[in-house]
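Residue numbers (the working numbering): 2 to 206.
Just so you know, these hints were derived from the structure itself, not from any lab. Even for Gly, the Cβ is constructed at its ideal location relative to N, Cα and C. Errors might be hidden in some of the hints.
Unchecked claim - Computed spacing ranges between beta-carbons, pair by pair:
| hint | residue 1 | residue 2 | range |
| --- | --- | --- | --- |
| 1 | Val-65 | Ile-158 | 16 to 24 Å |
| 2 | Ser-171 | Thr-126 | 17 to 25 Å |
| 3 | Glu-72 | Thr-197 | 32 to 40 Å |
| 4 | Gln-25 | Ser-173 | 31 to 39 Å |
| 5 | Glu-72 | Gln-51 | 43 to 51 Å |
| 6 | Ala-79 | Gly-138 | 41 to 49 Å |
| 7 | Gln-51 | Ala-79 | 21 to 29 Å |
| 8 | Thr-83 | Pro-5 | 19 to 27 Å |
As the list claims (entries may be wrong) - Calculated cross-link-like contacts (lysine-lysine; reagent style DSS-like; alpha-carbon spacing at most 27 Å):
| hint | residue 1 | residue 2 |
| --- | --- | --- |
| 9 | Lys-35 | Lys-57 |
| 10 | Lys-57 | Lys-47 |
| 11 | Lys-69 | Lys-57 |
| 12 | Lys-69 | Lys-7 |
| 13 | Lys-69 | Lys-35 |
| 14 | Lys-7 | Lys-57 |
| 15 | Lys-7 | Lys-35 |
| 16 | Lys-6 | Lys-69 |
| 17 | Lys-47 | Lys-69 |
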Amino acid sequence: MNRPKKNIVILISGTGSNMQAIAQAAQQQRWADKLNAHVACVISSKPGAQGLAAAKALGIATQVVDNKAYESRSAFDAALQTAIDGYQPALVALAGFMRILTPAFVVHFAGRLVNIHPSLLPAFTGLNTHQRAIDAGCRVAGATVHQVSTELDHGHILAQAVVPVLPNDSASSLAERVLSQEHLLYPQAVYQLLQTMDADLLLNT
């Protein structure tokens, strides 16, 4: 099968550890050879994000769309959309991107926009997920990769990883263990989604 090129754009706001996990998996597992998939660019909403240096070290193009330079969410999202569209992405992955996206942006990238959330959705949408899981007496927590919809932390679930909540856990200790699973889960989910794109192409040819 002649696979079309699949550009991946990753959006970050901070350290970009999940971005690094995806980019390293793409390189080590030879996604370019297997799926014709490439991490084309890492875009940050913050000029000083640590993940920009990490992306450059991996040989990935970087770009900044500074959210503080725009007067409204819609203006920022429009500029971000233009930047992303320049890479003609098959997939846009949110990796610690600390912005709530407007419905128009989400609709524009419908089916191509994915996120990882540090809870077992649909439980604990929003922030402070680990402390909320502990306070609720949950025995397990985890992470969810999902397609992004116009409703925050909803959308079709692609993959989940379960982490036990230990009796002496704090929010930070639980967060560390969940994050280690995120670094495994997110690249696997992205790879499987790219494979699905190939399968869909094959069915429609």
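Status of each hint after checking the structure:
Distance hint check: the CB atoms of Val-65 and Ile-158 are about 31 Å apart, inconsistent with the given range 16 to 24 Å. Between Ser-171 and Thr-126 the Cβ separation comes to about 21 Å, which falls inside the hinted range of 17 to 25 Å. For the hinted restraint 32 to 40 Å between Glu-72 and Thr-197, the CB-CB distance of approximately 39 Å keeps it satisfied. Separation of Gln-25 from Ser-173 is about 24 Å and departs from the stated range, judged on CB atoms against 31 to 39 Å.
For Glu-72 and Gln-51, the hinted distance range of 43 to 51 Å is not satisfied, since their beta carbons lie about 27 Å from each other. In this structure the supplied range 41 to 49 Å holds for Ala-79 paired with Gly-138, their Cβ-Cβ distance being about 44 Å. Take Gln-51 and Ala-79: their Cβ atoms lie about 26 Å apart, and the range 21 to 29 Å holds. The hint said 19 to 27 Å for the Cβ distance between Thr-83 and Pro-5, and at roughly 22 Å that hint holds.
Using a Cα cut-off of 27 Å, the hinted pair Lys-35 and Lys-57 holds, with the two alpha carbons roughly 23 Å apart. Taking the CA atoms of Lys-57 and Lys-47, the gap is about 15 Å. The hint holds against a cut of 27 Å. Among the hinted pairs, Lys-69 with Lys-57 is consistent with the structure: their alpha-carbon atoms are about 23 Å apart, no more than 27 Å. Between Lys-69 and Lys-7 the CA atoms are separated by roughly 30 Å; this puts the pair beyond 27 Å, and the hint is violated.
At most 27 Å may separate the alpha-carbon atoms for a hinted pair to count; Lys-69 and Lys-35 exceed this at roughly 39 Å. Our distance criterion of 27 Å between C-alpha atoms is met by Lys-7 and Lys-57, whose separation comes to about 20 Å. Our distance criterion of 27 Å between C-alpha atoms is met by Lys-7 and Lys-35, whose separation comes to about 11 Å. Distance restraint check for Lys-6 and Lys-69: the Cα-Cα separation of roughly 33 Å exceeds the 27 Å cut-off, and the hinted pair is therefore not satisfied.
Restraint check: the Cα-Cα separation between Lys-47 and Lys-69 comes to about 8 Å, which is no more than 27 Å; the hinted pair holds.
The structure shown violates the earlier hints numbered 1, 4, 5, 12, 13 and 16.
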